[in-house]
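Undergrad: Count the sequence shown with my numbering and you get residues 4 to 475, in order.
Since the hints were derived computationally from the structure, they do not count as laboratory data.
None of the values given here were measured: they were computed from a predicted structure.
Ideal Cβ placement from N, Cα and C applies to all residues, glycine included.
Check each hint, because a few of them may be wrong.
[To be verified] Calculated cross-link-like contacts (lysine-lysine; reagent style PhoX-like; alpha-carbon spacing at most 20 angstroms):
| # | residue 1 | residue 2 |
| --- | --- | --- |
| 1 | Lys-301 | Lys-315 |
| 2 | Lys-301 | Lys-325 |
| 3 | Lys-325 | Lys-315 |
[Claimed, not checked] Distance windows between CB atoms, simulated:
| # | residue 1 | residue 2 | range |
| --- | --- | --- | --- |
| 4 | Val-317 | Gly-40 | 22 to 32 angstroms |
| 5 | Arg-88 | Gly-403 | 51 to 61 angstroms |
| 6 | Arg-356 | Thr-76 | 23 to 33 angstroms |
| 7 | Gly-321 | Asp-355 | 43 to 53 angstroms |
| 8 | Gly-218 | Gln-179 | 28 to 38 angstroms |
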Amino acid sequence: MGHSVDDGATGRQYIYDRDAGPCVITLRFEDGTIRVGGLEESDSEIESLPGVAWDDRGLVARAPAHRYAELRTALEEADVRFEDRVFPEERLSLSHAYDLRPYQREAVEAWRSNDDRGIVELPTGAGKTVLAIDAIAALGVPTLVIVPTIDLLEQWRRELETEFDVAVGQFGGGEQIQESITVSTYDSAYLRAEDVGGDFGFVVFDEVHHLGGEGYRDAARLLAAPARLGLTATFERPDGAHEVVADLVGPKVYEADVDDLAGEHLADYEVRRIEVALGPDEREAYDEAQGTFVDYLKRSNLSLRSGSDYRKLVMRSGTDPKAREALLAKQRARRIMMNADAKVETLARLLDRHREDRVIVFTAHTDLVYRLSERYLLPAITSETGAAERREILERFREGTYSRVVTANVLDEGVDVPDANVAVVLAGSGSEREFTQRLGRILRPKADGGRALLYEVVSEETAEERVADRRR
């Protein structure tokens, strides 16, 4: 008698014949792996099955947990009888009140047509959470949502509890509570994945580019979930690690950029670049430091075209005094051009021009944040700002008590930032990702239909200007 079993996560089925006797192969989740029972070390099937290898310590065949879906497909296509005991048979009845925008619906459909695997790239403010909630409701299986920060952990938990009216578990932020729907930080997911990797048929990776980090990759490898969704505003990483992310989560299945959505779903926007001159003393110090750095690159045949080149320089600096001198000189030059006095003066004019607007000022260094905060009486948020104080500042910004705030990197991602319509970028890394994230902070549609405005203040005749030119 044939017996059909729905796997729950993708709607696919596997079939085995009970009357024909016990299944030859049994799949189970065990300590971050898929235990493939029923095989012997000498069996030829081991080499033909994706990811499967013989474990001498356990005297059993195993595959990395993230190869589960691939392994199951291979067994089905080879017409091998097997019993799948990786996930509990649990179905969730979920619904939500969202009315998805056309591009959100297209993103979900593209993801579903790729066997419920892949990455969606949408600008900040475009509602990536909404399409993820729709996907969770559609699959109706236990789901783990993984996020990079405590702020996002709390935001996701509130949103999921509101939409689904169910208990939502939490790994991180002082709690270790598991529910059928659970939100976790990347750090906690890495620590818990070996234990819970067989409990969730669907995993959502928010800000999925973080998964490219060496440690975080293991969190994805130790989870068996066949359904995987990655969300990001900026998928590609300068170190090329996005290729590893695609292997663990799936390829990019849908993307839309700011210009695709501006005017209808996001605010219209304008980017204005303001070039400022270094003062005489700043120019002399910058040229000297930058000259030391460039001279070393010429002598050592380093081009710094990629992050790996920069890492080579850092490694050399540990044993080569000249390399260390060049690295320190580069840091001095960078600090001079990013914290130029003319930028501080320019900010005064911009704040005066936009007295009636809601303004976020971005810098690269914490000390400049405090300098600006003291000079212009701006609420400051840095990595040193406690969670309670940060929430209070953002709440006052949201309600209009504060109309401006200054920050160093902390608000780039992972924080629910209240609506603003003006951003002033005094300094940053110059990366496409950082620029996109900061622009996204002012792109939520305005009630009055107004435009968002981003000022990029750049020190002329410096490396900062050249980087900004390349990005544009």
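Undergrad: Compare the structure with each hint and give your call.
TA: How the hints compare with the structure:
| no. | hint | verdict |
| --- | --- | --- |
| 1 | Lys-301 with Lys-315 | holds, 15 angstroms |
| 2 | Lys-301 with Lys-325 | holds, 12 angstroms |
| 3 | Lys-325 with Lys-315 | holds, 14 angstroms |
| 4 | Val-317 with Gly-40: 22 to 32 angstroms | violated, 47 angstroms |
| 5 | Arg-88 with Gly-403: 51 to 61 angstroms | holds, 56 angstroms |
| 6 | Arg-356 with Thr-76: 23 to 33 angstroms | violated, 59 angstroms |
| 7 | Gly-321 with Asp-355: 43 to 53 angstroms | holds, 48 angstroms |
| 8 | Gly-218 with Gln-179: 28 to 38 angstroms | violated, 19 angstroms |
Going down the numbered hints, you'll see the structure goes against 4, 6, 8, while the others check out.
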